[in-house]
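Novice: Sequence:
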Amino acid sequence: MRLDLTHRFVLGQVAVAVVAVSLARAMPGWGIPDWGALPLTLFVCVGLGWLLSRQLTRNVRVLSDCTNRISQGDLTAEVELPSGRHLTDETVDLARSVITMLGNLRELVEHIQSAADQVTGSSLELSQTSHDVNQKNGEIAHTMEVVAEGAARQLQDLERTSASIREVAEAIGANIEAADEAFSFVAEASQRASSGVEISQRLVAKMQVLFEKADQTGELVLRFDQKVRSMHRITEMITSVADKTHLLSLNASIEAARAGDAGRGFTVVAEEIRLLAESASGSAEQIADLMRQLEDESQRISQALREMGEGVGGGREDLDSIQGSLEHIQNAVQAASQRAQDISQQAGVRVGQAEQIVNKFEGISKVASETVEATDEMRLGLSAQTSGIEQMVRHVSRLLDTSVVLEKVAQRFRVARGGN
Numbered sequence: 001m002r003l004d005l006t007h008r009f010v011l012g013q014v015a016v017a018v019v020a021v022s023l024a025r026a027m028p029g030w031g032i033p034d035w036g037a038l039p040l041t042l043f044v045c046v047g048l049g050w051l052l053s054r055q056l057t058r059n060v061r062v063l064s065d066c067t068n069r070i071s072q073g074d075l076t077a078e079v080e081l082p083s084g085r086h087l088t089d090e091t092v093d094l095a096r097s098v099i100t101m102l103g104n105l106r107e108l109v110e111h112i113q114s115a116a117d118q119v120t121g122s123s124l125e126l127s128q129t130s131h132d133v134n135q136k137n138g139e140i141a142h143t144m145e146v147v148a149e150g151a152a153r154q155l156q157d158l159e160r161t162s163a164s165i166r167e168v169a170e171a172i173g174a175n176i177e178a179a180d181e182a183f184s185f186v187a188e189a190s191q192r193a194s195s196g197v198e199i200s201q202r203l204v205a206k207m208q209v210l211f212e213k214a215d216q217t218g219e220l221v222l223r224f225d226q227k228v229r230s231m232h233r234i235t236e237m238i239t240s241v242a243d244k245t246h247l248l249s250l251n252a253s254i255e256a257a258r259a260g261d262a263g264r265g266f267t268v269v270a271e272e273i274r275l276l277a278e279s280a281s282g283s284a285e286q287i288a289d290l291m292r293q294l295e296d297e298s299q300r301i302s303q304a305l306r307e308m309g310e311g312v313g314g315g316r317e318d319l320d321s322i323q324g325s326l327e328h329i330q331n332a333v334q335a336a337s338q339r340a341q342d343i344s345q346q347a348g349v350r351v352g353q354a355e356q357i358v359n360k361f362e363g364i365s366k367v368a369s370e371t372v373e374a375t376d377e378m379r380l381g382l383s384a385q386t387s388g389i390e391q392m393v394r395h396v397s398r399l400l401d402t403s404v405v406l407e408k409v410a411q412r413f414r415v416a417r418g419g420n
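Residues in the sequence shown are numbered consecutively from 1, following this note's numbering.
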């Protein structure tokens, strides 16, 4: 049941008035004089009014004590009205509102304290994390700087290596031209060597025929020498016959002289035979001289032919050596020609490989240049990130200070008995 304060005050006043009237009527019957009845009535009315007012303001005092404790930060206060359980009034409504406000304040302060603790912890963790990240960013920036310097050095090394390989490729190209020129010279030398070998082969064939004819001439000279020797024997035989004929003519002249006139004709014949024998003997001597000359010439010719034969044998060996040397030269020139051609082909392949290597090095140089640019951009990004992190650290520091202040403010309130 609800009874407002206004109604309570009205009822209290009515009760005081009724008591005052009742006492005023009862005083004469109790033997109390009029001069004592008024003070007594006033005293009773004041006491009754005090009791009624105290009863009416008891809830207000309880609420006042509770709000004073709340204003001092004690949210552990409990609102328990001693009266008003059966007859409610505005104080009960106010108590309920205070209880609701107190619950909301407790919940708010608990949330504030929890949030302050979380903000403090998160701020500390974020500050530490920011410090670590800033330190890592510094290390990464230093590493990126080292990487950038290394990449720049690698780029310079790659450019120098690419230039060196390009120079090597140009040198190989010049060597190819020289090899082609040498190949043409070697081909011409090979052709000339082949021609020389063919000429030497024809010369050897002709010299072989000449050597064969020389051998045949030597054989003819030997047979001629043998025949000269045979003619010498014949000349000796003729000389012997002439000598014997001369002796016979002398014997015939002697016998004719002995015969006298009968032997005169035989004497003439003997004289003719003697003259013929002397002529034959002279001719035989001339023939013998001529044969001796022929024999001497034949011996000289034979000696010359023997020397020529020895020279021919040496010439054959020399021709064989020359032919072998020319064949070796031809083989060597052909091998050199093939080698020059192989070198030219291999040099061409090496030039292609060198060009590929140069292209690859140019690609690597491009990648290294892009890496250097990317590293510089990353360094700038890390620098900006570091600045942002430093700014965030400052904000976190301010947030930490704010959370500390908030926690100090929240600590002014006690939300549970025995703790903050």
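Just so you know, not all the hints are guaranteed correct.
[As the list claims (entries may be wrong)] Okay, the calculated beta carbon distance ranges per label pair:
id	residue 1	residue 2	range
1	Glu188	Gly352	25 to 31 Å
2	Leu203	Ala163	26 to 32 Å
3	Arg223	Asp289	20 to 26 Å
4	His111	Arg398	57 to 63 Å
5	Leu275	Asp296	50 to 56 Å
6	Gly138	Ser397	17 to 23 Å
7	Asp180	Glu145	47 to 53 Å
8	Lys206	Ser279	47 to 53 Å
9	Ala115	Asp74	38 to 44 Å
10	Arg398	Glu107	53 to 59 Å
11	Leu275	Leu220	38 to 44 Å
12	Ile322	Asp180	28 to 34 Å
Please keep in mind that the hints were generated in silico from the structure rather than gathered at the bench.
Ideal Cβ positions, reconstructed from N, Cα and C, are used throughout, including at glycine.
Novice: Next step is simple, just say for each hint if it's right about the structure.
Specialist: Here is what the structure says about each hint:
1. Glu188 with Gly352: 25 to 31 Å: holds, 28 Å
2. Leu203 with Ala163: 26 to 32 Å: The hinted range 26 to 32 Å is violated for Leu203 and Ala163, with Cβ atoms some 57 Å apart.
3. Arg223 with Asp289: 20 to 26 Å: The hint (20 to 26 Å, Cβ to Cβ) holds, given that Arg223 and Asp289 are roughly 23 Å apart.
4. His111 with Arg398: 57 to 63 Å: At roughly 22 Å between Cβ atoms, Arg398 and His111 fall outside 57 to 63 Å, so the hint is violated.
5. Leu275 with Asp296: 50 to 56 Å: violated, 31 Å
6. Gly138 with Ser397: 17 to 23 Å: holds, 19 Å
7. Asp180 with Glu145: 47 to 53 Å: Roughly 52 Å apart at Cβ, these two residues keep to the hinted range, so it holds.
8. Lys206 with Ser279: 47 to 53 Å: holds, 52 Å
9. Ala115 with Asp74: 38 to 44 Å: Violated, at about 21 Å.
10. Arg398 with Glu107: 53 to 59 Å: violated, 27 Å
11. Leu275 with Leu220: 38 to 44 Å: holds, 39 Å
12. Ile322 with Asp180: 28 to 34 Å: Hint holds: Cβ distance 32 Å, inside 28 to 34 Å.
When held up to the earlier numbered hints, the structure conflicts with 2, 4, 5, 9 and 10 and fits the remainder.
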